[in-house]
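There are 2 protein chains.
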Amino acid sequence: MSRKRAKGYRAERELVELLWRLGFAVMRAPASGAKIKKADYPDVVAILKGKVAVFEVKSRAKLENIYIGKEQTQKLLNFARRAGGIPYIAVRLPHIGWKFIKLDVNTEVNNTLKIDKETIEKAPNIAGVLADLNITKTLDTYLKQQLNTY
Amino acid sequence: MSRKRAKGYRAERELVELLWRLGFAVMRAPASGAKIKKADYPDVVAILKGKVAVFEVKSRAKLENIYIGKEQTQKLLNFARRAGGIPYIAVRLPHIGWKFIKLDVNTEVNNTLKIDKETIEKAPNIAGVLADLNITKTLDTYLKQQLNTY
Chain A
-16 MSRKRAKGYR AERELVELLW RLGFAVMRAP ASGAKIKKAD YPDVVAILKG
34 KVAVFEVKSR AKLENIYIGK EQTQKLLNFA RRAGGIPYIA VRLPHIGWKF
84 IKLDVNTEVN NTLKIDKETI EKAPNIAGVL ADLNITKTLD TYLKQQLNTY
Chain B
-16 MSRKRAKGYR AERELVELLW RLGFAVMRAP ASGAKIKKAD YPDVVAILKG
34 KVAVFEVKSR AKLENIYIGK EQTQKLLNFA RRAGGIPYIA VRLPHIGWKF
84 IKLDVNTEVN NTLKIDKETI EKAPNIAGVL ADLNITKTLD TYLKQQLNTY
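Line by line, the protein sequences give chains A and B. Residue numbering for the first sequence follows the working numbering, starting at -16 and increasing by one per position. Residue numbering for the second sequence follows the working numbering, starting at -16 and increasing by one per position.
Hints listed in this document are in silico derivations from the structure and should not be mistaken for laboratory results. Don't be surprised by glycine CBs; every beta carbon is placed ideally from N, CA and C. Hints should not be assumed to be uniformly reliable.
[As the list claims (entries may be wrong)] Below, simulated SDA-like cross-link-like pairs (lysine to any residue); rule was C-alpha separation at most 20 Å, straight line:
1) B:Lys32 with A:Asn117
2) B:Lys53 with B:Glu91
3) B:Lys34 with A:Gly33
4) B:Lys34 with A:Glu(-3)
5) A:Lys(-13) with A:Arg4
6) B:Lys32 with A:Val88
7) A:Lys34 with B:Val88
8) B:Lys32 with A:Ala114
9) A:Lys100 with A:Arg64
10) B:Lys(-13) with B:Trp3
11) B:Lys32 with A:Gln57
12) A:Lys32 with B:Ala106
13) A:Lys34 with B:Gly33
14) B:Lys85 with B:Asp115
15) A:Lys32 with B:Ile79
16) A:Lys53 with A:Asn93
17) A:Lys34 with A:Asp115
18) A:Lys105 with A:Tyr50
19) B:Lys(-13) with B:Leu46
[To be verified] Far from chain B, some chain A residues (derived; all Cβ distances over 10 Å):
20) Ala(-11)
21) Gly67
22) Leu86
23) Thr95
[As the list claims (entries may be wrong)] Covered by chain A, per the in silico footprint, the following chain B stretches (three or more residues, Cβ under 8 Å):
24) 26 to 34
25) 61 to 70
Just chain A, same shape as in the assembly:
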């Protein structure tokens, strides 16, 4: 596994654990078989009582513009449309932590998707995802719930 891939893998696993602790059922795409993965799946899918969030995960050493290939973006949006879910670019940054850039599921993607560093900087953390999904229970409640259901 390349160093870059290993970093991406760690970020995905961290996101999976965060979402699981919040009560979601979470599935990560195959770590190996990068070809299959890119063809079919987003990096991470999280479901809580029928509410769905779909993530493409990017880990970066610093705040910078992020570019996502046209095809990868289309797959993410298509998966989200079928699932009835919300698509996100989940960006992992040192010190800052997670930033979640919500995409419009109906966007027509004709080019590489550029996400400005300003957009990333202003994007919400995981609380923004919970709000988008209309999950109103507090983090605290989820943590308690998680202790009972795991």
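Since chain A is already given, all that's left is putting chain B on it; use the hints.
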């Protein structure tokens, strides 16, 4: 990859393709890393507009009783509870095709789960899953829809 594992893998892929054609967003657990897979994920998760079905996939050469380990069953049910989905044992048989045994998501699992061959024989095909999820559009509609959204 062992011969048995290869057969299971083919069955999973077939189920993924079937569900995808029906309009679902579908995700399959990692094919490699069997340890991780058993710990965390069901074999296949399918989502259609917030309706969720979760599958443990079994491929068999003939109709026979099927046994599923306690822990594997618990993981399946726990995932389904979090997702707000319906858990199934999906059995692939030669000539007969797919049979879907719906589990009660609230079952307390204290032992290996035994599914009688009579139960398997009587179980519905994919149409049963669509009915369970209250998906009332016909297969035909889905096939047309799929052509537009893929």
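**Request:** Identify every previously stated hint that the structure contradicts and give their numbers, smallest first.
**Result:** 4, 5, 9, 10, 12, 15 and 21
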